[in-house]
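Asker: Respectively, the protein sequence lines represent chains P and Y.
According to this note's numbering, the first sequence holds residues 2 to 321 in order.
According to this note's numbering, the second sequence holds residues 20 to 311 in order.
A couple of the hints might just be wrong.
[What the hints assert, rightly or not] Among the chain P residues that face chain Y by a calculated CB cut under 8 Å, a handful are: (1) I106; (2) T110; (3) I117; (4) Q124; (5) L128; (6) R203; (7) L258; (8) I291; (9) V293; (10) V298; (11) L300; (12) V301.
No wet-lab data here; the hints were simulated from the structure.
Beta carbons: idealized from backbone N, C-alpha and C, even for Gly.
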Amino acid sequence: MNRRISGKVLALHLGIIVLLLVAQFVLSPYHHTNVARIMVFATFALGYNILLGYTGLLSLGHAMFFASGIYGAGLTVFYFQFGAIEAFATGVLSSLVLGLVFGLIAIRTSGVSFLIVTLMFAQAAFLSILYFNEITLGDQGIVISQVLQPFELWGTEYPFSDPSVKYNAALLLFGVTFIICIALVYSPVGRVLVAIRENEARTRMLGYNTYKYKLVSLVISATLSGAAGAMYALLFSYIGSTFASIQYSIFPLLWTLVGGMGTLIGPVLGTGLMFYLVDISSGLTESHLIVVGVVLVGLVLWFPKGVMGTIREKWLTWLP
Amino acid sequence: MSLGPHLFLALLEGTVAALVLALTALGLSLVFGVMRIVNIAHGEFFMLGAVLAWWFGSVIGGSPLVGFLVALIAGPLIVGAVAIATDYLILRRIDYDPESTIVATIGLLYIIQQVVLTFYGGDAKAVEAPIYFRVSFPWFGYSGYKLIVAGASALLLIGTWILISRTQMGLYMRATQQDEEMAQALGVPVRRVYALVFAFGAMLAAAAGVLVVPIQQAHYLMGLEPLLLSFIVVIIGGLGNLRGTIVAAFVIGISDGIISVFFSPTLAKILATLLVALVLVVRPGGLFGEEE
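With the rest of the complex left out, here is chain Y (with noise of 0.2 Å):
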């Protein structure tokens, strides 16, 4: 393959990855906007929704697209339940205070981790994609199902969307982040707002988990590059700001691809994160954060 296609590739495999990550990374934003707090365990809500998936297929047996079907939905609202536990058993009871819930969140990505060692094993297990057929471009051939997952994810980031901008909810949402004491004063449920929102957060990372599972295995470990890709995108796109996310998603994604293709991943790894140091040294509130 000459230059032309290669890089059409990795272009085409970046813009998949780019809107995977932008939606884990929007899950792990929104929760930092509204609450102020950071969830260290995102990662492994990701990885339990890519395992429920599994255990979704290899339950329901017979065709693939039912079993994923189910997960597609199941999955998420499992794991938005162990989130809603979650903040009602740790959060709410350290007053969401930053620190706390960091060492929590860490406490609670140990436990995460055995429990699905414990139950579903140490190895990668394969999920079978619910489609399959390829698209033939001149040059080569691609997944289908790739295409899918980009367009499933696109229509989740503008649900998402909606749901923030033209919803009660969402309207809550955005209040509780103006000013919390303002919004509560003012009727609105903070309390039950926090709770929807990290277990939506959680949903947003577990869909992302459950989209990608046919095209990368699920293991118990696998929790931790979408973490701290997502990190890498809220730093850059500013912490808490929603528009910011998705562009720095697209950043990252795409150069990620194409490194990637042309070099090695760990090596767009190591120069994503090198790009974070240089639009700190910049612009310490990220590069579309509000100026400290």
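So that you can see chain P by itself, here it is in the shape it has in the complex (with noise of 0.2 Å):
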């Protein structure tokens, strides 16, 4: 891989974004609705992949980023009546601290405690919005259609229950974060954290603080991750303990594996399948568990790369 910007992949990569741009007129309002979410979801899985595919930690928290974002978001919108952009921004500040408070601690950990730590952070998480339930009434959950105002922009209101709306928010947030990504692969600093998946011992020996680049890294995920969950929040309108739940950090990760971790691509592409694979098996039958069950160990035993992992092994090797 080069170090600048080849035309090929930038167009591919922007493509993509068009793509999806033109997609909204042609989508039947059922695939309407659903490619908006997984839009959202996608940037989820693109921040989880910045971590897990350019970094190589592997964390089973990303659910406690997620509902930072969601809580951070729909409780100002919910208690103190903040605008879409207060609230996103306050969701995505949340995440922010709460990715350099918990990387100051779990970074220094390595391998498998690593992985350990992250589960069980985020199980205090999920814990902690239980308890204060008068705050947070996590229990239920909270409806937040009702108090959030529609967005204004030079005199125009939008309301966010108007699907188009949704969908070029969701597209926003989406667009912006990949071309966040794209640029960071391709920066000095995204280098740095490939060498660290390669080998970190070898890259502490030349010089690189790399307890400091992965905290960078593990920052950028959360934060990436609470803007996701705060524009969940945002769009969608209901906020609950579900989504800090241990099932909401396997997702990204199972997202990430599909696509293939590592690539820019991936992470967008395995959520698209795994949301359609759950959407129609839950429509078969009900135990859409063990699709997810029998699609975690068939990746391990067969398809260890994902899609895009085993489409750039054979064919396009020039792709990010």
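Two chains, two frames, a set of hints: combine them into the complex.
Answerer: Structure follows, in structure tokens:
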């Protein structure tokens, strides 16, 4: 992979954003809403992939960052009648702070200990949401669509209940995140992160402060996940403790692995594929959990690189 | 009740919980120590033990004691067989790669949960205690069965210790833990040791599940809590350090008991996690772990 972004890479990735922009005019209402949801989840997966795919740190606690975005945005709307922009900013900021504080502790551990620590802290966050139920109403959840004011720009009001506002807000978040990820991967910091993934001891020996780089990666990853959470709360207007449960830590891992970790398109494709796979299978059978389980086991046995990872290996070696 | 008896009750509850926790965490720690892998589905083996105890109890009928004794032996054996199948069908094929194992055992977690949900149902089901008597203290009566649980757990812990320190199998396990390649070169059947250790770890969790089910009901989602508590224990005790695991199980179990009685169980779990954070800041390898 080159240091410079080639025209091909740029065209392909920007093409995906353009494709999604055009798609809203052809999709049926059902798929329209689905794709909006997928774009928000894909943002979550992209954030997750920065840590797993490009730094080599396996986290099982990203639900807490997603949930801190959700609660940061949702609770400020609910209690203080924040507007969309302020609420979104609060959600992003709260996940950034959480990522920083958590990172300072967790990055001290490595390998399996890191995984266990992420899992435990996410569970502690989940339990805290239930424990402070009087404030968070985590038990039953909150619907904020009654309180949330429409987003206003140049004199026009954009209510979040409007599907096309939903779609384009999700697309905006996704597009910006996608571009941030491309820029990060090609930046010097991104190169160091990949070096840490490949061989941390050697990177340290070359004089890089790997602790600092891993912390940066974790904070970026947490912030992007939080941004996805904040957007989710605003667009789909429901906040609840489910989003902090272990399931929501496993989902981004699943999406990233299906699509191919350490690729940029992978997490996006994986999110879409799994979303529709679960959607279709839950129409056929009640046991859609088993689909998730079987896919996970099948991936490690036969398809460890995921869709895009395999495509990159076999055909398109120039993919980032 | 005044403070003294209250504290005594909390200590008693904490000790019972600590012994069961030690059993579950020991299985996880043993698997990590020898095989260097983390089994995310460990809590599901615990849950399978509990569900099987209910199943044997309802199939056999008659005296709950008979059903319970059958479950205590057959439950862990069935779970052990599931673990051996997992080892053979999945873990061996991915060559015990740590990260792939984590992903695969998450998958296994979902598969086991779904299978139990389909065949057993989503409701929590109670199992009658096999023996019912009350131990009366001057201040309150205490369920005698809980003391039996504590005793049985202690026996199993001692049994595990004898297995590891006094038998040939234990020697093989320790040799594999110290240096896998050297052990193999000296004729230790490492692959078989792996399969047996994985099964044994699962069986310890299943036995704990069978033991607690009369106290706590059997439910298909009950595996997460013992898994997380076991993680807390093995982190504090140092991953793979068996003595540290036991000590940490007592620290966590008893403090959990005290905080749960005086404040709330949720708060106890949150505090235990924060304790782990503190331990990791001071010693990243765990309290009893080797320095990195």
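Asker: Where does the structure disagree with the numbered hints, that is, which hint numbers, in rising order?
Answerer: 6
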